[in-house]
Every structure is written in structure tokens, then in C-alpha cells.
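Given these sequences and hints, build the entire structure.
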Amino acid sequence: MAPPLSRRSLLQAAALAAATPAISYTATGRAAAAVQEAQPVTATPTAWTVQPFALDDVSLRPGLFADKRQLMLDHARGYDVNRLLQVFRANAGLATGGAVAPGGWEGLDGEANGNLRGHYTGHFLTMLSQAYAGTGEQVFVDKIRTMVGALTEVREALRKAPAVLSVGGKFGTAVENVRGSYQYVHLPAAVLGGASAITLSAWVKPTHAGNWARVFDFGNNTTRYMCLAARNAGGVPRFAITTGGPGGEQGLDGTAALPINQWSHLAVTIAGGTGTLYVNGTAVARNTAMSLTPAALGTLTNNWLGRSNFSTDPVFAGAFDEFNVWSRALTAAEVTELQSRRAADASAGRGDLASYAFDETSGGTIADASGRGLTATLRRTWGGPSHPGFLAAYPETQFIDLESRTTSDYTKVWAPYYTAHKILKGLLDAYLATDDARALDLASGMCDWMYSRLSKLPEATLQRMWGLFSSGEFGGIVEAICELHTITGKAEHLAPAQLFDLDRLIDNCAANTDILDGLHANQHIPIFTGYLRLYDATGEARYLDAARNFWGMVVPHRMYGIGGTSTGEFWKARDVIAGTISAGNAETCCAYNMLKLSRTLFFHEQQPKYMDYYERALYNQVLGSKQDKADAEKPLVTYFIGLTPGHVRDYTPKQGTTCCEGTGMESATKYQDSVYFKAADGSALYVNLYSPSQLTWAERDMTVTQATAFPREQGTTLTIGGGSAAFALRLRVPSWATAGFRVTVNGSAVSGTPTPGSYFTVSRTWRSGDTVRISMPFRLGVEKAIDDPSLQTLFYGPVNLVGRNSSTSYLQVGLYRNAGLSGNLLPSLTPVTGKPLHYTLDGTEFAPFFEGTEDPTHAYFRRSEPRVIFGNTESGVANPARSDGTTLLDEIWAGAPFSGKGALVTRVRSTVNAWVSAGLLSQADGQTVVRTAEQATYAP
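Per my numbering, the very first residue in the sequence shown carries number 1; after that it's consecutive.
For the record, the hints were derived by calculation from the structure and aren't laboratory data.
Quantities reported herein were computed from a predicted structural model and do not represent experimental measurements.
Hints may contain errors.
What the hints assert, rightly or not - Listed below are the simulated SDA-like cross-link pairs for lysine to any residue, each with C-alpha atoms no more than 25 Å apart in a straight line:
no.: 1; residue 1: K609; residue 2: R773
no.: 2; residue 1: K901; residue 2: R773
no.: 3; residue 1: K160; residue 2: R61
no.: 4; residue 1: K572; residue 2: K654
no.: 5; residue 1: K170; residue 2: T336
no.: 6; residue 1: K634; residue 2: K609
no.: 7; residue 1: K609; residue 2: S470
no.: 8; residue 1: K784; residue 2: K654
no.: 9; residue 1: K784; residue 2: K629
no.: 10; residue 1: K170; residue 2: T282
no.: 11; residue 1: K629; residue 2: K160
no.: 12; residue 1: K784; residue 2: T717
no.: 13; residue 1: K412; residue 2: S470
no.: 14; residue 1: K572; residue 2: D507
no.: 15; residue 1: K784; residue 2: R907
no.: 16; residue 1: K609; residue 2: K412
no.: 17; residue 1: K572; residue 2: A903
no.: 18; residue 1: K634; residue 2: G172
no.: 19; residue 1: K901; residue 2: G781
What follows is the structure, given as C-alpha cells:
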């Protein structure tokens with residue numbers, strides 16, 4: 001590996017590249033040759049000794065994974081991506097085509113004011129890219145190109161001053177402020193002309209019922225202003241004028257809410273101490289004690305249509321037509337006349353102070369027809385991007401706020417760099433799947449923009465930012481930036497990655513100091529996958545050490561049986577499992593990111609434990625997080641998976657479009673990503689997972705077809721196709737495969753002793769037609785909670801079996817009653833006819849966790865073995881226990897597997913003698929136990 005690169009050298013390289021001109025576009029929308037030269041299209045670091053195959057190299061064959069994937073593919077095919085693009089187009093002030101945003105976290109009305117919107121679009125792009133790679137269906141690439149094209153238009157619009165969005169008006173054309181655009185109309189300071197009498201008249205068509213959104217607001221601050229809100233706190237129009245802030249307002253309140261998506265006419269007149277508010281030509285409020293007029297306000301700087309002087313008030317969403325200002329109070333008859341004709345055609349005539357007909361169809365200015373030349377300008381509340389590469393579904397303000405924020409508040413700042421990561425990763429995946437250079441250019445621009453912001457910040461500021469819960473969360477952005485660098489090879493595309501170093505976390509984990517207690521789990525897991533990529537690029541060993549040690553702090557010390565981690569999104573103390581069981585366990589995102597981390601660690605260190613964990617989490621939590629039905633509107637994926645007794649999984653969590661639904665869409669379209677790996681030099685093929693699939697190994701001109709119904713079948717068959725090649729076939733021997741792992745090639749047994757938790761290697765010259773048969777019998781066993789061994793979960797081979805029972809108390813379960821000589825507990829259960837992997841015990845059905853049902857489930861149960869029983873033969877003796885909870889039967893069966901009944905009886909006799917000697921069992925009861933063991937008949 002190359003010598004480590006320092007952060008300083010990376011930043012210097014990036015600075016030298018800063019003068020490189022921005023990528024330009026041709027008329028076809030393709031990026032210029034500078035980006036196209038980034039071929040070949042790959043994101044795999046050359047440093048990896050073991051490498052993955054591309055998704056399109058591995059096809060799923062009929063089976064469990066293909067069935068689950070099909071459900072998500074149906075969702076992907078049917079969902080209108082214009083709905084996802086709505087929030088991006090709105091932010092750029094572009095027409096949204098009537099598309100309705102998905103809502104939930106991906107909409108303005110979702111949790112925390114929609115501050116995470118845009119993240120789900122990135123997930124969706126990744127899902128589409130994976131779906132296309134896995135199926136080759138044109139529908140997916142078409143959707144990708146629609147999204148990439150729209151995002152290109154969005155970025156271009158954000159680079160420019162806002163332009164009017166012309167729509168049909170009351171009388172002709174009108175100008176619309178799309179909700180989420182943060183656009184408003186700025187009028188010159190002279191617009192009110194210091195008038196002592198005034199009429200203001202406007203046609204408005206609200207598209208959202210936002211309280212305190214302004215039709216107009218003329219003021220300097222929150223003390224001196226004159227405004228008209230389309231809705232006050234009571235939902236009706238309100239006019240107010242004040243020189244003393246809200247407490248000094250002289251106001252007029254309407255009597256009914258303005259209808260949404262309909263044109264309404266509003267007019268306010270002030271003269272002679274009387275103010276009147278008209279709605280659709282009818283006077284709805286009059287104040288005869290209105291002493292203030294525009295003359296009392298003086299010259300004002302903030303003269304706005306659609307924006308409030310109060311920064312927390314929403315921007316008006318809807319259309320404007322015919323805004324006029326007269327230096328007198330129109331009569332009621334004149335106001336009424338304005339209902340049916342333009343001001344220019346009415347007796348009142350155009351406003352003499354200002355008159356805007358909104359006839360513009362392009363550009364960013366609005367002409368004044370009053371004769372005073374008071375041209376208005378369309379503006380954004382936040383100005384515009386700090387860099388041309390900026391791309392988001394909301395203004396840059398969250399990024400700006402984060403830089404000075406010292407406490408977390410997701411209603412103000414919710415993980416903006418996390419959302420940036422999802423978008424960036426989606427674009428990179430789109431590029432890798434379709435070779436659409438526009439996607440790469442958008443990704444490159446985002447990276448350049450991030451560097452332009454973050455490189456200016458002091459180190460202490462960065463450390464504070466990244467240490468903030470939620471607000472400072474940045475997801476897997478380091479991995480995505482490194483991936484971009486791998487694709488382009490440009491130094492400036494690596495420099496930003498190290499600006500996300502969270503030194504306290506890295507240094508403690510590198511030193512193997514566990515500081516995870518109290519940390520938000522999913523905020524930190526993806527960080528380490530990124531740090532591994534930084535290790536690849538820089539050679540800094542602390543990144544690898546930190547990632548390796550971190551993984552070991554989670555597995556098994558904070559891992560539930562299904563492979564998930566976290567409770568209520570956070571980690572608790574090390575080795576507390578039973579003590580953290582709740583309805584909010586195992587956030588699905590955590591499993592997704594632990595899988596990514598595990599496979600990336602394996603690329604560096606081929607330790608079987610990483611793939612053992614991968615199998616556990618994939619076959620249980622990840623598969624079980626997807627409901628077994630299709631839905632056009634929702635992906636039907638869990639957020640939390642509660643492990644409390646009787647928990648029912650929620651596949652439509654929170655408000656929708658959550659992080660876990662996003663990662664769930666991704667997981668369900670990349671099930672094949674870790675079935676096979678290859679040695680970087682082509683000398684070995686790793687078979688990590690037993691799943692029906694077909695590998696196309698182009699470099700070897702070979703195919704490997706895996707035929708199996710695993711895990712409903714306890715084995716698999718690999719068939720070689722194509723040419724011939726010499727390589728080592730490395731077959732993973734799962735850690736649970738204690739009942740044997742037998743391999744034959746073309747019918748002949750392969751010598752050697754496979755060890756559970758290792759890889760078994762078969763080296764030879766492989767030829768087309770060669771067949772490898774693997775048999776791995778399952779056993780039923782338990783996994784005990786670290787902090788409470790009596791709380792257990794059931795595994796049959798890799799499959800977690802959960803009880804389906806509506807009780808909300810832990811089930812009391814005994815399993816030794818008919819245990820086999822091998823230690824297999826399965827004979828104590830009764831199989832359900834016609835339902836593979838389903839069993840009953842004491843009236844409760846146990847079924848695979850991976851089945852996405854809405855049954856109340858018991859993932860954990862309370863182990864209860866009150867009496868000594870062998871081979872379904874009762875001894876009548878109570879099962880005694882030591883002070884630590886270990887029972888006589890526990891100690892006897894700890895000696896399994898037994899070569900025969902005699903070996904078991906010998907174990908029973910020696911154990912009974914020890915317990916009698918220790919005073920834990922009477923001599924008579926001990927003799928009864930031994931006699932029962934001798935008389936019983938045992939399953940193998």
C-alpha cells in the first residue's frame with residue numbers, strides 16, 4: 001500500500017484543483033468529455049484483496065430472495081418519480097406539474113417541518129439503479145433518466161436568480177409561488193409613497209393553508225410594518241398596521257377562511273381613521289379607530305409580496321394576480337367592480353402608487369404599470385447557493401445553521417449532510433448503472449460544493465458539528481465521497497472525506513475503548529464503512545483499527561438474535577440485551593448499515609465472522625423487515641422491530657418515507673450483492689451465502705449456478721458452466737453447522753474436515769459441468785441473552801424461529817423433553833404439515849422470522865424446564881438449579897453431541913453424582929434421574 005497521505009496533503013491537492021472550470025453541458029444534456037474520461041466505470045478500490053461482483057454479474061433464481069425482491073420491484077415500477085422530484089423542483093421554483101410530494105419525511109408537512117426531505121429520493125435512485133442492474137428492465141433506466149434529468153434542471157435553476165412561474169390567472173396570466181420555493185416578490189421602497197390614505201388590492205389563489213403566510217408585508221422589522229396575512233391563527237385573513245410590534249397592532253380580521261385552490265379577491269382601505277377589509281367585494285371587517293397609515297411608517301425597506309418580516313412565518317404558497325395600490329380609499333362600489341374586471345378596465349383604473357398585472361411569462365422581474373416605474377423583483381428568502389454544485393430539496397440554510405449550532409434541534413437542522421449523502425449516493429449508483437454522465441457531474445458538483453463549505457471551517461467547528469446528535473449526522477457520506485474519488489481519480493474528490501473525521505470516535509475505537517453507550521446507533525455505524533474507504537485511499541491504519549474494533553463492540557455485545565441492534569435508536573451499555581428489550585428495538589437502518597460494514601471489513605480481512613453475521617442479519621431481520629405483500633404507494637418496510645412479547649410489526653411506520661423505508665428499498669433490490677466474492681487476483685471464488693442464483697464470472701469465462709431452496713433445504717448444489725479455469729473454491733462453513741458440512745465434487749467426497757465458522761477450500765481446475773454438492777444439516781438450538789441466560793431465542797440453522805402468540809408476557813418454553821442425542825432440540829417440537837420451517841410447541845406455532853406477516857410474535861421466550869425429562873419420559877423429579885441459574889439438565893446437555901445412548905447415560909450419571917455431592921440433589925432423586933435416562937428412547 002502507498003504511504004499514508006496526510007489530511008494537509010489532501011487539502012492542498014484539492015486547493016490546487018479548485019481553479020478547474022465547472023463541467024459544461026452539450027445540447028444533448030451529456031456532460032463534457034472531462035467527465036467521460038473518468039472511465040472505466042467502477043467503484044471498487046484496488047486495495048481490496050477480495051472484491052465483490054457487480055450486481056448485474058449475479059442473478060437471483062426463483063426462491064425466497066427473488067420472491068421478496070419481486071414485491072419491491074412491483075413498487076418501484078409503479079411509483080411516479082415526479083412525486084419525489086416535487087420537493088426538488090419546488091425548491092428551485094420550477095413547475096411541479098401538479099405532482100403531490102410523498103409526504104411524511106419527504107414533504108413539508110412531515111416530521112420536523114420536512115427538514116429531511118430529499119433523502120428518500122436518493123434512496124429511490126439507488127433502488128432503481130439496483131433494480132436495473134439486477135433485472136435489466138428498461139422501466140427502471142427510464143425512471144432513472146427522468147430523475148437525473150430533472151435534478152440537472154433543478155441545479156441549473158438554483159444557479160440562477162429565480163424566474164417567474166407563469167400560470168393561468170383570474171384574468172389572464174398570474175405568477176405562482178410553488179410551496180417550498182421560498183420565493184417572494186420584492187417591491188421598491190417607494191411603493192407606498194408615504195400615503196395618508198390607501199387601498200391595496202390583490203387576487204390570490206392559495207394552494208396551502210399556512211397560518212400567517214403573507215399576501216403582503218411592508219416593514220423594516222417586526223416592530224414597524226403593515227401586512228395582510230391570508231390566514232391568522234384562527235384561519236381567517238388578517239390585516240394589521242403597527243409601529244410598536246404585535247402588541248401595538250391596529251387590525252382587521254376576516255370572518256371565514258379563504259378557499260384553497262380558488263381565486264379570492266382581497267382589498268384593504270384606510271382613510272380618515274377607518275380601515276376596511278374586503279373579501280371578494282364584501283366588507284367583512286371595519287375598524288373606526290385606525291389611526292395609523294403608511295405615512296406613519298416612514299420609508300420601509302422590506303416591501304414584500306408573499307413574505308413576512310417574521311422569519312418563522314411561512315412564505316405564501318399560491319398564485320398572485322392583479323396587485324394594485326392607490327393613494328386613496330376606493331369606495332365599496334369600486335372594490336365590488338374589481339371582482340369582474342381588471343383594474344385597468346374598471347372605474348378605479350390602475351393603482352397610481354403601484355400596479356402589477358403579472359403578465360410576465362419569463363425572467364425574474366415584474367413590470368409596474370402605475371407610471372412610476374417601480375419594477376418588482378422575484379427573490380429567494382435565502383438568496384441562493386454558495387457554490388454552483390449545490391443540490392438539495394431545501395435551501396442551504398440548514399447547512400449554514402449547523403456551522404454555528406451548539407445544540408441539536410431537528411426542527412431547525414435535521415442531518416443535512418445525511419440527506420446530502422443519500423442524494424450523492426443515489427447519483428453515483430445511477431451513473432454506475434446507466435453510464436449517464438449527468439449523474440456523475442451532479443455528484444461531482446455536490447462534492448465540490450461540500451468542500452467549498454467545509455474546508456473553510458476550523459477543525460474545532462467540524463468536530464463540534466459532527467458530534468451533535470441528529471443535526472450533525474452525516475450517514476455514509478464519507479463512503480460516497482471516496483467512491484466518487486475511486487471513479488474519477490481526482491484528488492479534489494477525496495479531500496472532503498477527511499473533513500468528516502470525528503476524532504473522539506475514531507481514536508477511542510482505534511484504541512478499542514468502548515464509548516458507544518448513549519450514542520445514536522445509526523448515526524455512527526455508516527461512519528465506519530466510510531473510514532474503511534479512507535483507509536484504502538490514505539493508508540492511515542487508525543481508520544481500519546477503529547472500524548474493526550467498533551464492529552466488535554456491536555457484535556455480539558449489542559446484538560439481538562435477529563442481527564439487529566439499538567433500542568429507541570440508541571445504544572445502551574455493553575452486554576445488556578435482556579435489559580434493553582422494548583417495542584423500539586432493532587432499527588432497520590442499523591441492520592442495513594451493519595451489513596455494509598461487515599462486507600467491507602471482509603474485503604480487507606477475510607474473517608468468517610463477518611459473513612456469519614451477514615447471513616444472520618440478512619436471513620432474519622432484513623428479510624423479515626419487508627412485508628410479504630406488494631403496495632404501489634409504500635414499500636412496506638419496518639422502522640423498529642419490537643422484541644417485546646406479542647409484538648406486531650409495523651410496515652407503514654411513522655408518517656412514511658422514513659430512513660428505514662429508504663434503506664429497506666435498497667436492501668430488497670441487492671440481496672445478491674454478497675453471495676459471491678472473488679480474490680482480487682482471480683485465484684479464488686468465495687461462496688458466502690447459500691441462495692439460488694447464477695454468477696457470471698466474465699474474467700474466467702465461467703458461470704456458477706447455485707440451485708437450492710435454502711433455508712428450506714439444508715444444502716445446495718453448485719454447477720460450473722462455460723470454460724475451464726484453476727482456482728480455489730472457498731465455501732463458507734457457517735458457525736451453526738455443527739451437525740456436519742459435507743462436500744462432494746461430481747459425486748465424490750472431498751477430503752478434509754470442515755470447521756464451523758471457517759471456509760472450506762476445494763482447489764482444482766474447474767470445467768463446465770462440474771457439480772459441487774454441499775450438505776449442512778440444521779439443528780435446533782437456543783441463543784441466550786448475555787445478561788439473562790433464561791431469556792432465549794430459537795434458531796434452526798440460520799433461521800430464527802419466533803412464536804406466534806398474542807400474549808404480551810414472555811412464553812414459558814421447555815425444550816429438553818425430547819432432545820436428540822446430537823443435542824438437537826427439534827424433536828421436542830411438532831412440524832406443521834405443508835408449512836416448511838413451521839413447528840408447534842404447547843399450542844404455539846413457531847415460524848421463521850423472515851416471514852413478513854402481521855402476526856403477534858415472540859422473538860424471545862423465558863426458558864422453563866421445571867422437571868427432569870428424557871426422551872419424553874417423565875422422571876417426576878424437579879429440575880434443580882445452581883445459584884447462577886444453570887440447571888441439572890443444562891449441565892447434562894452441555895455435553896452433547898453424544899455418540900450414543902450409553903454416552904448420554906454416562907454423562908447423566910457423572911453429572912448427577914456431582915450435584916448430589918454438592919448437596920443440590922438428593923441421592924434418591926439422583927437415582928431416579930439416572931434410571932429415567934436409562935429407560936428413555938432418544939431421537940438421533
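In rising order, the numbers of the hints this structure does not comply with = Going through the list in order, the structure violates hints 2, 3, 6, 7, 8, 9, 11, 12, 16, 17, 18 and respects the others.
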